[in-house]
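In UniProt numbering, the protein residues as written are 1 to 141.
In short, the hints are calculated from the structure, not lab data. Take the hints with a grain of salt, since some may be wrong.
[As the list claims (entries may be wrong)] Computed cross-link-like contacts, SDA-like style, restricted to lysine to any residue with a CA-CA straight-line distance of at most 20 Å:
#1 Lys134 - Ala106
#2 Lys134 - Leu93
#3 Lys138 - Leu91
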Amino acid sequence: MSQALTFWLGSALVALILEFMSGTFYLLVVSLAMACGGLAAWLGAPEPWQWLLASFSGIGGVLLVRQRRRRMAKPPQQQDDPDWGRQVEILALTAPGRARIHYRGAEWDAELLDTALQAGDSAYIAGRQGNLFKIASKQPE
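Start from the sequences, fold in the hints, and give me the full structure.
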């Protein structure tokens, strides 16, 4: 039993050290899962139960971290852009998914978010990446 406890706690320590070096929460979850396996070994659980407890606690922890990251993800700040939602005119299609547009008295490069857009159509700015406007056929909300 002490050999299994040493394995679990040693593995938890290695995962914890790797977590400190990488800065992700996933290895912290792995470390906690290994510690759960060590707790099961310390309580005298058979080896298959130790592995099951470590596996389920690891899977549950990873799912919780993923859910938290999705909730905490910042939405794009496109609404703060004064150009967002403005109407533009498509002058010419330059490449598949790319076009030249007329906006504010100048020509700009744009990425087409809708494949149905053609030269001469009006479109709306739905985002921007540097000087590349992303345009859509419908005005974004």
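Hints, one by one, checked against the model:
| no. | hint | result |
| --- | --- | --- |
| 1 | Lys134 - Ala106 | holds, 16 Å |
| 2 | Lys134 - Leu93 | holds, 14 Å |
| 3 | Lys138 - Leu91 | holds, 18 Å |
Hint check: no violations occur; every hint is consistent with the structure.
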